[in-house]
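First residue of the sequence shown: 1, per our numbering; consecutive thereafter.
Since the hints were made in silico from the structure, they are not lab data. Idealized CB from N, CA, C, for every residue including glycine. Fair warning: there could be bad hints in the mix.
What the hints assert, rightly or not - No more than 30 Å apart at the CA atoms, straight line, and that leaves these computed lysine-lysine pairs for DSSO-like: (1) K181 / K163; (2) K163 / K92; (3) K92 / K181.
Unchecked claim - Label pairs and their computed distance ranges (CB to CB): (4) P73 / F147: 41 to 47 Å; (5) S247 / A94: 51 to 57 Å; (6) W54 / G230: 44 to 50 Å; (7) P231 / H174: 25 to 31 Å.
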Amino acid sequence: MMFAMALELSRLSPLENGPGTDILAWLPHLELPAMARWLLRLCVFPAGADADLWRFVALAGMWFLMSVAMMLPSATPMIATYCEIADTARGKSAPVVHPLVLVAGYLATWLAASFGFAMLTSVLGASTGTEGIRPLPVAAAAIALAFAGLYQFTSLKDACLAKCRNPFATLFAHWSDRAPKIFRLGVLQGIWCLGCCWALMLVMFAVGVMNPFWMALLALSAVIEKQASGPTFRRTAGAILLVWAGSLLVLSA
């Protein structure tokens with residue numbers, strides 16, 4: 001469903017200069033529900049000032065779905081770890097909160113972040129004269145890529161990544177048989193994940209928001225980054241982003 005929405009949006013508003021968008025010509029057309037098509041068209045073709053609120057909500061919803069599609073696969077080890085601890089507790093006849101409560105808390109963090117990304121999309125769209133979902137102008141794209149690249153080398157990124165790589169310690173230390181506490185635990189895990197990946201989401205502004213090629217690539221990058229040991233992968237990714245940003249500035253000069 002999410003991939004179909006990305007394809008439809010890309011066709012409604014072609015992502016000029018968005019790397020990887022040539023593959024869209026080879027992919028089949030997937031029919032979307034009428035409501036989904038209406039929301040996507042609202043993102044691309046706002047119908048006057050009275051549609052501003054609806055467009056913002058649509059953008060937030062679009063970012064949330066994109067975040068879920070990109071980040072939930074990388075959260076699989078965390079969910080699996082919770083299920084393992086829950087199975088052990090259940091085997092001892094202890095009460096256990098359903099894993100979906102943990103997932104709901106995790107998604108709540110990304111839902112809140114999606115409104116922030118939607119606001120940034122609107123601001124960038126207004127300041128650059130684009131809809132906000134198209135690739136940014138070269139200079140702005142270079143800044144976004146440089147920011148994302150530099151963040152890969154920060155201690156905050158390293159700390160958040162360490163938490164994501166070892167969810168057992170957090171889950172076990174905050175274990176509870178009460179749903180509100182497990183929901184907050186999911187929120188906490190979502191915050192660590194957001195701390196890992198929010199800067200990488202800026203890459204989507206450079207290549208075009210909802211670019212399906214880069215959605216898949218960044219999702220794969222998040223999975224590898226959280227599973228890899230040591231700083232090699234994140235630093236390599238950061239170096240690539242910095243070189244990319246510098247190349248954009250040089251080639252546009």
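Now for the hints, and whether the structure bears them out:
| no. | hint | verdict |
| --- | --- | --- |
| 1 | K181 / K163 | 18 Å, holds |
| 2 | K163 / K92 | 28 Å, holds |
| 3 | K92 / K181 | 20 Å, holds |
| 4 | P73 / F147: 41 to 47 Å | 24 Å, violated |
| 5 | S247 / A94: 51 to 57 Å | 56 Å, holds |
| 6 | W54 / G230: 44 to 50 Å | 46 Å, holds |
| 7 | P231 / H174: 25 to 31 Å | 27 Å, holds |
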